[in-house]
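Line by line, the protein sequences give chains A and B.
In terms of my numbering, the first sequence opens at residue 1 and continues consecutively.
In terms of my numbering, the second sequence opens at residue 1 and continues consecutively.
A few of these clues could be false.
[Stated by the list, open to error] If you want the footprint, here are the derived chain B segments under chain A, 3+ residues with CB under 8 Å: (1) 128 to 140; (2) 144 to 158; (3) 190 to 204.
[Stated by the list, open to error] Just the calculated beta-carbon pair ranges, DEER-fashion: (4) A:LYS290 with B:ALA70: 41 to 47 Å; (5) A:GLN92 with B:ALA59: 37 to 43 Å; (6) B:THR79 with A:ARG233: 37 to 43 Å; (7) B:ASN107 with A:LEU302: 22 to 28 Å.
Calculated from the structure, these hints are not laboratory results.
Please read all numbers here as calculations on a predicted model, not as lab measurements.
Just so it is clear, CB atoms sit at the ideal spot from N, CA and C, and this is done for glycine as well.
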Amino acid sequence: MQNRFPLWKNLLVLIIFLVSLIYSLPNLYGEDPSVQVSSAHALAQEQANKIESTIKTAGVNLKAFEFKDGRILARFSNTDDQLKIADLLRDQMGNDATVALNLAPTTPAWLQKIGADAMYLGLDLRGGVHFLLEVDMDAAVKQAEERYTEDLRLALRDAKIRYLSVTKDSAFIKIKLKSADDKPALFDVLAKGFKGLKITEPDEQDQLWLQMSEVDVREVKKFAVAQNMTTLRNRVNELGVAEPVIQQQGDNRIVVQLPGVQDTTRAKEILGTTATLEYRLVDVEHDVQKAVEGHVPVGSKLYYDKNKSPVLLDKRVIVTGDQIVDASSGMDQDGRPAVFISLNGVGAAKMGKLTQANLGKPMAVVFIENKVETKTVNGQKVRHKEKVEKVISVATIQGVFSKRFQTTGLDSPQDARNLSLLLRAGALAAPVDIVEERTVGPSLGQDNINKGVLSFVVGFVLVVLLMAVYYKLFGMIADVALAFNVVIVVAVLSMLQATLTLPGIAGIILTVGMSVDANVLIFERIREELRNGNTPQSAIYMGYDRAFATILDSHVTNLVVAVVLFAFGTGSVKGFAVTLIIGILSSMFTAITGTRMVINWIYGNRRVEKLSI
Amino acid sequence: MKPTHINFIGNRKIAMTFSGILMVIAIISLSVRGLQMGIDFTGGTLIEVGYQQTADLTALRKTLDESGFANATVQNFGTSKDVLIRLKLEEGVNSADLSTKVLDAINKNAATPASLRRVEFVGPQVGDDLAQDGFLALLYSTLAILIYISLRFEWKFSVGAIIATFHDVIVTLGVFSVFALEFDLTVLAAILALIGYSLNDTIVVYDRIRENFRKMRKTTTEDMMNIAVNDTLSRTIMISMTVFLVLVSLFFLGGEVIHNFSIALLFGVVFGTYSSIFIASPAALMLGVSSEDLIIPVKEGAELDRMP
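Isolated chain A, as found in the complex (with noise of 0.2 Å):
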């Protein structure tokens, strides 16, 4: 038993140990804490150049300010002169950019270049905040179904049939007509502009209800998720965060991972409500003390503005939130705060309308904010949906507009550009609830980067002494095959940008623990045919051939285990799967071939009296 390698083998072995190795390497490279200032257009030289003396006047301590595609990165040496700087250049530039943190590596060119980048570490270990948004679906169907009523009326009105009442309850939308001689035209309506509805003919022959078929609510459904998605999307960039993770999770989930932000309730406030704009004109013709009183007349609806004065507002809106395409901040001629907001052709239409109509009368905003949450009672967990309506601001019509105009009367400069940013965003297609929410603190994040190495460290040296202590010369070449390991498990991870978290670092750190577990199996085979009176030579070869279908055995289970575990498992578990299920494949690898590709260079080929076992 000659105990060698064809050179293709030890050729293989090598490549892969040196393609591991320089891919494992842009983690030895740190990251330096940074500000990012990004715009819609490109930013121009001197801004970068304005900002770029704005941070050195700061005294903070720059280490280095690159300008590239319009966009500046400035690295700073520690987290303390990056806020400090980051707060600085988001009051200076307002809305024209966005300010992020980020961490920008530090990697040599050269490694970037053939695409080595550093493991992606997740939020357990850079901190920030993790959201588990829920779309609720009964609200976009709800949502939809009126929708539907609205635009039936319309449809019925424009095509001239007469009707009594177009209601909704909670499982038709029911029309009643004037005369049943109307329905065939009423067929003609639906035919034309509603397929999408189902129609049962009632009992009643001046009826008809119809219902929303399944299919039409599932689109309605998918729409919800992906429009909420969108806006998110967003509105995330509106926060100023660098690399965030939005994603759908399941059927009505969406998860929202913001690294390194520390503001939760800003970024909670930005996420969690919707809000929207309604434009309505004031009732003028009713006394709103009687109002007050409880006499609201019909057509009418009783809102309150900031200082809980009533209002009485006309109950037909002239333009929703929906109708916004844009919408900045700024101040207008007064130098209060405004928010200037364009419409679509609709809604412009409609403005312009109504505003030649009613030049001189009066007008009001009302804001609205849909504010989710979640209470339990008697033990039942019940959505407590709240409505908050206020009436922002009442201005009398000046002149005739449609596209553009403004809306003052907001309390601050902060809230004008809040709103914008909300409108900018577009309304939300239905309400969103935060169910699941993980913060990790920057100090906390290094915390655990500490520990989780310290521990592997620790691990990995206890581990390597005992094999060699026990397995001697044939115990150091294992340890060897299990540092060549690690380094395939850390070239893997960046090289796949899977997410390291704790957990994660805990799977590398068990790896070590088990992947040995194949070179105990083998050593103690020889030992076992030496012990029989084998050759070493032959020994060496028995031991590796007989152990084999036991590693293969024994590694597959743990690997189905993993694999179930990723399957099943979220965030920072996932993580840990993700280590387990690299560290098994590898492992195998290192400990047979590996191993056996140094022993058979030491031992191969030659007479051997005596293994160092």
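Guided by the hints, dock chain B onto chain A, whose structure is given.
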């Protein structure tokens, strides 16, 4: 280590009795006390804050009490400077904003403000889902392994391996129940990893039994098993030691967040090693494994052995 000749199988009654007692204690505790479920499964809010100096828990409790968080539990976490505040899901309280309110409350009158280290809020729906996913993970991994082992081994061995594994899982869960240790997602992950580890150990012994059946047709089943367990003993102990060492390192140095994860695996490794020596083989023996059972699988196994 010199080859050993310990009569493990002959003394199986002692081991079985010992395991039986452990299992009974574990099951009683699990059904009476249950598990101290973490907020991952129950829902709730958990806030970790850090202070510059030793935290005054009494004052903190008083502050929270006065601010209307009477049901908050306050305790040190890891060091005396770190404090963990837990809040259960409560009737009529909006939970999503709770963490902000609590932090405001404790920092309002404090001389040195606490820094926020971690917030975890899990809504009731999510908690239910995580618990369900966890249960499914346990179920599917058991099924998948059952299928794999019954393909590779005769069914009596599969059942034996499952018994040994269940033993380890139940007893480890029992430890968590008896000592009221918190059972969260990471512990569930540890339990699943434990299933893999425990089976791994058992399979190594079974592999040897199968091999010995081939070589020594004349020996009784009981003796054969004894020889197999003794043959693999040094390997079993060695691998348990390496895993144990890394876990000890993780337990002492890995930090509080990963503490219960390490505890679960530490106990799991101890029980897993014990069960693969004392429980797995006797279980298969009691199910009536004999050399006839292995004739066909031996051939299959032999073919597989030669596969690269």
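Identify every previously stated hint that the structure contradicts and give their numbers, smallest first. Hint 7 is the one this structure does not satisfy, whereas the remaining hints hold.
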